[in-house]
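Engineer: In the UniProt record's numbering, the protein residues as written are 1 to 178.
Rather than coming from a laboratory, the hints here were simulated on the basis of the structure.
Only a predicted model underlies this, so the values are computations on that prediction, with no experimental measurement involved.
Heads up, a few of these hints could be off.
[What the hints assert, rightly or not] List time: in silico EDC-like cross-link candidates among lysine to aspartate or glutamate, alpha-carbon distance up to 20 Å:
1) LYS41 - GLU10
2) LYS17 - GLU69
3) LYS17 - GLU143
4) LYS44 - ASP153
5) LYS44 - ASP18
6) LYS151 - ASP67
7) LYS151 - ASP33
8) LYS44 - GLU59
9) LYS141 - GLU59
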Amino acid sequence: MFFIVRDPFERLISAFKDKFVKNPRFEPWYKHDIAPAIIRKYRKIHRDSDLAASGLHFEDFVRYLGDAEGRRRMDRQFGEHIIHWVTYAELCAPCEINYSVVGHHETLEHDAAYILRAAGIDQLVSYPAIPPGITRYNRTKVEHYFSGISKRDIRRLYARYHGDFQLFGYLTPEFLLN
Numbered sequence: 001m002f003f004i005v006r007d008p009f010e011r012l013i014s015a016f017k018d019k020f021v022k023n024p025r026f027e028p029w030y031k032h033d034i035a036p037a038i039i040r041k042y043r044k045i046h047r048d049s050d051l052a053a054s055g056l057h058f059e060d061f062v063r064y065l066g067d068a069e070g071r072r073r074m075d076r077q078f079g080e081h082i083i084h085w086v087t088y089a090e091l092c093a094p095c096e097i098n099y100s101v102v103g104h105h106e107t108l109e110h111d112a113a114y115i116l117r118a119a120g121i122d123q124l125v126s127y128p129a130i131p132p133g134i135t136r137y138n139r140t141k142v143e144h145y146f147s148g149i150s151k152r153d154i155r156r157l158y159a160r161y162h163g164d165f166q167l168f169g170y171l172t173p174e175f176l177l178n
């Protein structure tokens with residue numbers, strides 16, 4: 001058994017972009033249910049026109065994720081759709097399940113080949129080639145997304161995902177916290 005992890009803050013940026021900005025599979029509950037609920041609760045001033053997913057800002061998303069009490073209440077309402085941003089401990093129970101391999105997004109090409117070999121199926125299937133730079137950690141992107149967010153909100157978010165950073169060997173993003 002295996003699972004793949006990713007730098008927690010890059011994972012959140014990816015979830016935000018995939019579910020609230022691009023949503024290529026058009027999963028309407030993100031746009032019509034989750035985004036408006038987050039905007040209503042976490043944006044001080046909003047117009048009704050802001051309530052569509054296109055009106056959700058990354059800052060609103062970070063506030064929601066960092067608010068332990070409010071988030072738990074909202075998460076019950078959102079149901080299974082939150083799997084894209086729950087912590088790995090909540091999602092994959094890494095301390096309770098004996099995984100054979102924990103791969104990293106940043107080394108996905110190498111890790112995927114290893115997993116296929118370990119499973120004995122590397123002669124039957126192959127992992128598709130990954131364009132250069134796609135899986136590399138992108139500090140510039142992280143800095144850009146977090147640039148307008150208060151240190152207080154970033155610290156609250158980090159507190160929630162601290163276990164993911166520590167458990168999987170990701171460096172504390174001091175450049176955002178201090």
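Engineer: Please go over all the hints and tell whether each is borne out by the structure.
Structural biologist: Structure-based check of all given hints:
Only pairs whose Cα atoms come within 20 Å are accepted, and LYS41 paired with GLU10 is rejected, the gap being roughly 24 Å. For the suggested pair LYS17 and GLU69, the alpha carbons sit about 24 Å apart, so the restraint of at most 20 Å is broken. At roughly 15 Å between alpha-carbon atoms, LYS17 and GLU143 fall within 20 Å of each other, so this suggested pair holds. The hinted pair formed by LYS44 and ASP153 meets the criterion: a straight-line CA distance of about 14 Å does not exceed 20 Å.
Among the hinted pairs, LYS44 with ASP18 is inconsistent with the structure: their alpha-carbon atoms are about 25 Å apart, more than 20 Å. The straight-line distance between the Cα atoms of LYS151 and ASP67 is roughly 14 Å, inside the 20 Å bound, and the hint therefore holds. For a cut-off of 20 Å, the pair hint linking LYS151 to ASP33 is broken: about 28 Å separates their Cα positions. Of the pairs offered as hints, the one joining LYS44 and GLU59 holds, with about 12 Å between alpha carbons and a cut-off of 20 Å not exceeded.
With a CA separation close to 15 Å, the supplied pair LYS141 and GLU59 stays within the 20 Å bound.
Hint compliance for this structure: hints 1, 2, 5, 7 are broken, all remaining hints hold.
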